[in-house]
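Visitor: Using the hints, position chains E and B against chain Y.
Residue numbers (numbering that gives the first Met the number 0), protein chains in the order written: chain Y, 0 to 260; chain E, 0 to 281; chain B, 0 to 180.
FYI, nobody ran anything at the bench for these hints, they're computed from the structure. Hints are not guaranteed to be accurate.
Said to hold, decoys possible - EDC-like cross-link-like pairs, simulated, lysine to aspartate or glutamate; straight-line CA separation at most 16 Å:
no., chain 1, residue 1, chain 2, residue 2
1, E, Lys281, E, Asp182
2, Y, Lys250, Y, Glu234
3, Y, Lys58, B, Glu34
4, E, Lys134, Y, Asp173
What follows is the residue order along each chain.
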Amino acid sequence: MNCEQAKTQMLGGAMPGENQGEEFAAHLASCESCRNESSRIGALWQSLDLLPVEEPSGKVRERFYEMLGAYRQGQASVTMPVKQAWPKMIWQVAAAAALLVVGLGVGYGVREDRSRPELVQLREEVASMRQLVALSLMQQQSASDRLRGVSWSYQVEPSDEEVMNALVTTVNHDPNVNVRLAAVDALRPFTGSPATHLMARNAVIQALPRQTTPIVQVALIDFLAELKERNAAPELRRLVSDPDIDSGVRKRAEWALERMQ
Amino acid sequence: MMKRIVVGMGLVALAAAQPQPGAQDGRQQITMPFRDPSMPRKLVVEGGTGSLTIRGYQGQDAIIEYTGREIPGATGRGRGSRNEPPPGMHQIGGSRGLDITEESNTVRVNSQNIFGGRARDMVIQVPAQTSVNVKTMFGGSMTIENISGDIEAENFNGQVTINNASGSVVAHSMNGKILVSLDRVAADKSMSFSTFNGDVDVTLPADTKARFKMRTDFGDIFTDFDVKMEANAAPVVEESKDKNGKSRRRVRVDGTQSGTINGGGPEMQFTTFNGRILIHKK
Amino acid sequence: MAEVSGGQVARLGVLFERHHRPLFRYFVSMNGNRELAEDLVQEVFFRMLRYRTSYDPAQSFTAWMYQIARNAGVDQARKRGTAQVVDIDTFVDRRAELVSASPGPEESASRGQDLALLRRAMDQLPEDKREILVLSRFQGMKHEDIAEVLGCEVGTVKVRVYRAIRALEQIYFALEKEKAS
Numbered sequence: 000m001n002c003e004q005a006k007t008q009m010l011g012g013a014m015p016g017e018n019q020g021e022e023f024a025a026h027l028a029s030c031e032s033c034r035n036e037s038s039r040i041g042a043l044w045q046s047l048d049l050l051p052v053e054e055p056s057g058k059v060r061e062r063f064y065e066m067l068g069a070y071r072q073g074q075a076s077v078t079m080p081v082k083q084a085w086p087k088m089i090w091q092v093a094a095a096a097a098l099l100v101v102g103l104g105v106g107y108g109v110r111e112d113r114s115r116p117e118l119v120q121l122r123e124e125v126a127s128m129r130q131l132v133a134l135s136l137m138q139q140q141s142a143s144d145r146l147r148g149v150s151w152s153y154q155v156e157p158s159d160e161e162v163m164n165a166l167v168t169t170v171n172h173d174p175n176v177n178v179r180l181a182a183v184d185a186l187r188p189f190t191g192s193p194a195t196h197l198m199a200r201n202a203v204i205q206a207l208p209r210q211t212t213p214i215v216q217v218a219l220i221d222f223l224a225e226l227k228e229r230n231a232a233p234e235l236r237r238l239v240s241d242p243d244i245d246s247g248v249r250k251r252a253e254w255a256l257e258r259m260q
Numbered sequence: 000m001m002k003r004i005v006v007g008m009g010l011v012a013l014a015a016a017q018p019q020p021g022a023q024d025g026r027q028q029i030t031m032p033f034r035d036p037s038m039p040r041k042l043v044v045e046g047g048t049g050s051l052t053i054r055g056y057q058g059q060d061a062i063i064e065y066t067g068r069e070i071p072g073a074t075g076r077g078r079g080s081r082n083e084p085p086p087g088m089h090q091i092g093g094s095r096g097l098d099i100t101e102e103s104n105t106v107r108v109n110s111q112n113i114f115g116g117r118a119r120d121m122v123i124q125v126p127a128q129t130s131v132n133v134k135t136m137f138g139g140s141m142t143i144e145n146i147s148g149d150i151e152a153e154n155f156n157g158q159v160t161i162n163n164a165s166g167s168v169v170a171h172s173m174n175g176k177i178l179v180s181l182d183r184v185a186a187d188k189s190m191s192f193s194t195f196n197g198d199v200d201v202t203l204p205a206d207t208k209a210r211f212k213m214r215t216d217f218g219d220i221f222t223d224f225d226v227k228m229e230a231n232a233a234p235v236v237e238e239s240k241d242k243n244g245k246s247r248r249r250v251r252v253d254g255t256q257s258g259t260i261n262g263g264g265p266e267m268q269f270t271t272f273n274g275r276i277l278i279h280k281k
Numbered sequence: 000m001a002e003v004s005g006g007q008v009a010r011l012g013v014l015f016e017r018h019h020r021p022l023f024r025y026f027v028s029m030n031g032n033r034e035l036a037e038d039l040v041q042e043v044f045f046r047m048l049r050y051r052t053s054y055d056p057a058q059s060f061t062a063w064m065y066q067i068a069r070n071a072g073v074d075q076a077r078k079r080g081t082a083q084v085v086d087i088d089t090f091v092d093r094r095a096e097l098v099s100a101s102p103g104p105e106e107s108a109s110r111g112q113d114l115a116l117l118r119r120a121m122d123q124l125p126e127d128k129r130e131i132l133v134l135s136r137f138q139g140m141k142h143e144d145i146a147e148v149l150g151c152e153v154g155t156v157k158v159r160v161y162r163a164i165r166a167l168e169q170i171y172f173a174l175e176k177e178k179a180s
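Chain Y with its partners taken away, still in its complex shape (with noise of 0.2 Å):
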């Protein structure tokens, strides 16, 4: 191996799936000039990776999701629009989605006007996209992003099962105690519908069982006293018998015991 054919080698055994080779290595032992520059842009080579990583917002997942909505919507839909007018229709459901999501759960911002065809299906579109954006980010490895997710899924409808199923899951087996407890205030909401409050409510009561960790159980309890919910009655008590138990989460279980009385 001479010198030019060493250089090409000399960063070769640092990408992946790559290998340099035992020629590289020997004609590295003899030459000084090519030992010198390996070292030096090896070094340089290192230092790319000290560079700081460009992250990007949190608008390009929201707008992904809007168009996959769109897209799953328009696959179901029968009446269609034709291929090409897809980019205009993606693009005016991302700016009325835009105009919603600023008024984060008062309400929709546009005019209600069940009459026209467009408006309801654009309507149905933005839910379907918070829905999609709620559980993806559910389901994300970062803490921090799973605790986006739930701050989303305050954006649903409170008849929103799949959502509602999704914070239950949350709370019962998020390895994060931060994001278990952001679930259990979550899951208020979902008391508020006919379609939903009653399984919220079950949900909460059996999960009570399954948490260890004391702020999540506090969390709970407050939950159910808040509902006065009496159906928690035998569980609370359970806690505020059972000396595994933290003291403060105990005295929390009575304390809820009496103001549902």
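Guide: Leaving out everything else, chains E and B in the frame of chain Y:
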């Protein structure tokens, strides 16, 4: 899959890869490279019985330094057991129960409980841009500094201190203060700080845009930010009878207080059962 | 990716989660504009959705995605009129005089730490050199995949990566010299 990284010789100045035992304290050091540049760097630490410090630095690898030490006042446990050093002798190594691996650019440090009254203190250095996920059960204090990746920290019995963070922070302690200082708040990251017993003390840059959700059951909330409060539940007045039949009146503000700073932004949750919430402007 | 070809559009979500961040980093490294990079990420996923039936499962997914990404980038540049054609060799020659000034290994170890300067040097690299560094270093792509994306021979990739890092080194030290004076 094993991946070789060969960058020639004489290289980037890194800490030495050889273990460097100190005679008095049995300090050991291990260097683990992050080998897969196509994946983001991550450090996961589990277990531990002593103090834990994680620090971002200018290098490329994860450098794990640990020492075994006696826990003062440990009574009975382990006395006369095989794990106690014979009189006049000190331990070398002490790496039993310490498992360090790297895969897909994630370095995992798993430190099992050491019985016999000995604790293992650890100092881990990683490139600043590493995401850190730490969970300790029986350890002492936890300190994380100069990290720009996402931080997830959970401590059982001890304070969680996070300094000079510029990524997202999600922190919890069962029994201990949460003390966090952020240099920079990324535009779309949600954060949460919680403890059961202790203060939640967080410092944020003055121009942070966020929506605060704050709850403390026994304690007060203090801040020097100008928080635009949202309408909250009215105070609840409770009449009850105490043990002696005397009528008792309590006024509680139930539930979470919410408000926005600088026009609002991603959510930051501050939760403590027994303690104060302090949110400082930097 | 084959699942998406089968019509299960929702699976694209999984691919999105895995790939949208590195894709964003690719675009931002190439054109320096965050907003444009976000638009381009969106465009790439839209195109992948739309042309999903053209994906051959035997092909590397990353290679396919980055081919689409490059096309999207070029289309964007054409629209905005910012496409630049840089004569690579001229650029290198201009810096040739600095080769003799390159330091030995010990010195370069500590120098590599000035990240701001490194960032600037990256930005001043001709586009094609910057691109191959981004694909090989930031995306960690294998040589075969890079070859497929760039439409060249696998052997050429090694040479081009080497030339790119040499060019980066020369610019870096030139910038350092400027800074010192």
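Visitor: Against this structure, judge whether each hint is valid.
Guide: Comparing the hints with the structure gives:
1. Lys281(E) / Asp182(E): At roughly 8 Å apart (the allowed maximum being 16 Å), Asp182(E) and Lys281(E) satisfy the hint.
2. Lys250(Y) / Glu234(Y): Since the Cα atoms of Lys250(Y) and Glu234(Y) sit roughly 14 Å apart, the hinted pair holds (cutoff 16 Å).
3. Lys58(Y) / Glu34(B): 10 Å, holds
4. Lys134(E) / Asp173(Y): 14 Å, holds
No hint from the list above goes unmet by this structure.
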